[in-house]
Amino acid sequence: MNEGFETLAIHAGQEADPHTGAVVPPIYAVSTYKQDGVGGLRAGYEYSRSANPTRTALEECLAAVEGGARGLAFASGLAAEDTLLRTVCAPGDHVLIPDDAYGGTFRLFAKVLERWGVSYEPVSIGDVDAVRAAVRPETKVIWVETPTNPLLGIADIAALASIAHEAGALLAVDNTFASPYLQQPIELGADVVVHSTTKYVGGHSDVVGGALVAASAELGEQLAYHQNAMGAVAGPFDAWLTLRGLKTLAVRMERHCDNAERVVELLASHPKVTQVLYPGLPEHPGHEVAAKQMRRFGGMVSFRVAGGEQAAVEVCDRTKLFTLGESLGGVESLIEHPGRMTHASAAGSPLEVPADLVRLSVGIETADDLLADLSEALG
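Taking my numbering, the leading residue of the sequence shown gets 235, the next gets one more, and so forth.
Treat the hints loosely; a few may be bogus.
Said to hold, decoys possible - Here are the computed lysine to aspartate or glutamate pairs in the DMTMM-like style, where the Cα-Cα straight-line distance is at most 25 Å:
1. Lys506 - Glu560
2. Lys481 - Glu280
3. Lys526 - Glu237
4. Lys268 - Glu280
5. Lys345 - Asp607
6. Lys345 - Glu586
7. Lys506 - Asp603
8. Lys506 - Glu586
9. Lys268 - Glu240
10. Lys481 - Asp327
11. Lys345 - Glu372
12. Lys481 - Glu294
13. Lys374 - Asp440
14. Lys481 - Glu495
15. Lys481 - Glu249
16. Lys506 - Glu517
17. Lys526 - Asp363
18. Lys554 - Glu499
19. Lys481 - Asp492
20. Lys506 - Glu372
21. Lys481 - Glu421
22. Lys345 - Glu294
23. Lys554 - Glu517
24. Lys481 - Glu610
25. Lys374 - Glu280
26. Lys506 - Glu495
27. Lys554 - Asp603
28. Lys506 - Asp607
29. Lys481 - Glu522
30. Lys374 - Glu421
31. Lys526 - Glu421
These aren't lab readings, by the way, just hints derived from the structure by calculation.
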């Protein structure tokens, strides 16, 4: 039986406890496990860096909702990214990255991996021909965000998977903005999916985490080996919180999308807004691709403000219900100025974002209250 997304999110990896019947996986706050004789492991557990039952429950659920062969949970999204890249790349290798990407991802490539001999090249991932032209013999990974952070660009996952595989490279898709509910990259040909589970998967701004979901068992085993060797694993309480959030992802995402569509409607007609960036708009250059590969268009909205950088900063400072803060994907609405906050590390690079840009993470509050707050902040 092919179970639906909501069923998998609530049940995959989460069978009732055989000893007590508890319907929620326990928090296994344990570092080591009694062995039944030397090398005799009970259910494969020996040390919680290598595996922990609470983390296993989360990993199995993540793999199920993403349609992958193996899920792995990490201490943060960047820990997941670092483990993936050091698993599949070696000095001399080359990676294509979006010319619009999360500032932390750019920093990882530019300030950490490049020092170890892994080169990178920004490319417009929405332009299939540009991606194809940028591939080199030494290209090992095409790294994609879709939608991108913070300009909400869209990549054609299936088309880029074909380009990657023709070149003998892997396609890695950061699915954080869309969430597993709205988009299934592995079904479209991706080799591995990346998440900051801090965001929509956790959903409540109370835990930091990351995840990888591999399409094949072989890649999953390689990633698991490096996860254990490098050690940036999710702790049991963090895994438990993330799994609790995942259970309600579907219903939350529907409300995020509902509210975002209302916000976009307001912004698109406001005289002080010069551009709204949202893949649900018919005029968005990636709209048709997004409509094909996403269930809905998400809860992230970016817009540009008349009056330049200072006007954008003032809008961020004036909201009351939209909280000024970094991160995204929680039940509460957030507002930020990417150029000075989440993407400050990209200043002066090809990934520098417009100074008049404001990014919203639209939460699940009463939509009319969110619209009133934004209207007052825009003036």
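Hints that the structure is at odds with (numbers, increasing): 2, 5, 9, 10, 13, 20, 22, 23, 24, 25 and 29
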